[in-house]
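Generate the whole structure from the sequences, applying the supplied hints.
Residue numbers (our numbering), protein chains in the order written: chain A, 1 to 136; chain B, 1 to 112.
Treat the hints with caution; some may be incorrect.
Stated by the list, open to error - To give an idea of the chain A side of the interface with chain B (calculated C-beta under 10 Å), a few residues: (1) T10; (2) K12; (3) L14; (4) K15; (5) S31; (6) L34; (7) A47; (8) F84; (9) K88; (10) V106; (11) A109.
Said to hold, decoys possible - Below 25 Å or equal to it, Euclidean Cα-Cα: the simulated PhoX-like pairs (lysine-lysine) are: (12) B:K74 - A:K103; (13) A:K88 - A:K103; (14) B:K83 - A:K117.
Unchecked claim - To be clear about the criterion: a stretch of chain B counts as covered by chain A if any three or more of its residues have a C-beta under 8 Å from a C-beta of chain A, and this derived list gives those stretches: (15) 51-61; (16) 64-77; (17) 91-100.
In case anyone wonders, no lab produced these hints; they're calculated from the structure.
Cβ coordinates follow ideal geometry from the N, Cα and C atoms, glycine included.
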Amino acid sequence: MNNSIRVSCTKKNLKLIRDFVTEYLQALELSDILMNQIVLAVDEICANLIIHANHEDPTKTISLAIHEQKSQLKFEITDNGVAFQESKYKEPNIEEHIRVGKKGGVGIALVNRIMDKVEFTSNGTKNTCLLYKKIK
Amino acid sequence: MKITHEIKESTIVITLDGELDASSSVILDEELSDPEIMKYSKILVNCQNLHYISSAGLGVFISHLQRFEDAQIKLIFFNMQDKVRNVFEILGLDLLMTIVSNYEEALTIADE
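Right, here's the structure in full:
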């Protein structure tokens with residue numbers, strides 16, 4: 001089964017990515033909650049890359065590859081947009097978000113809490129995000 | 001995402017059908033931004049057919065919650081699927097928002 005997908009940078013393609021991840025993981029018979037969490041974490045990263053790193057430019061693309069390693073899943077998401085600056089990232093204060101009516105900024109918090117390990121690297125042109133999740 | 005509503009006096013029941021992601025949550029935001037919604041004192045959100053929510057969907061509720069609270073409008077979620085509720089729980093939003101099991105319970109809480 002094909003383990004990778006490449007889509008152009010439009011928000012409508014997030015559904016394609018979620019469907020791809022769901023279908024790929026089907027055989028692992030994960031619980032509904034775990035399956036949803038994994039799909040969500042990948043969706044959050046892809047949404048950030050499409051919207052913030054590539055400004056929803058449909059001429060640009062992002063790629064996702066899924067690797068199964070023993071009891072662990074590894075998701076590799078790459079793009080050529082603006083690199084995520086992990087050093088500038090701050091965990092959100094949700095109560096403060098509610099108080100000021102802030103709409104965004106909680107996606108990466110979800111990813112960090114769902115995944116076992118999250119890595120961002122960049123070689124200047126190509127950015128890679130790696131997500132690791134133990135499943136057994 | 002399909003959004004429908006049913007109005008009974010001061011209560012509006014909003015039914016969400018589909019998935020709330022970065023693309024589709026825009027429709028929900030427009031719905032909750034409509035000044036008309038401030039006429040109601042209770043907003044009950046039926047989540048039975050809400051199959052997925054991402055941070056963008058959560059963000060819509062997060063961004064309107066204070067405005068509703070300031071206007072003494074109760075926002076209550078009901079019939080939420082476990083996997084969707086889990087996403088609220090990951091961020092602790094289940095403690096900051098009102099999520100109940102079913103419509104009857106939502107009505108009871110709304111009238112308190």
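Against the structure shown, which of the earlier numbered hints fail to hold, in ascending order?
8 and 9
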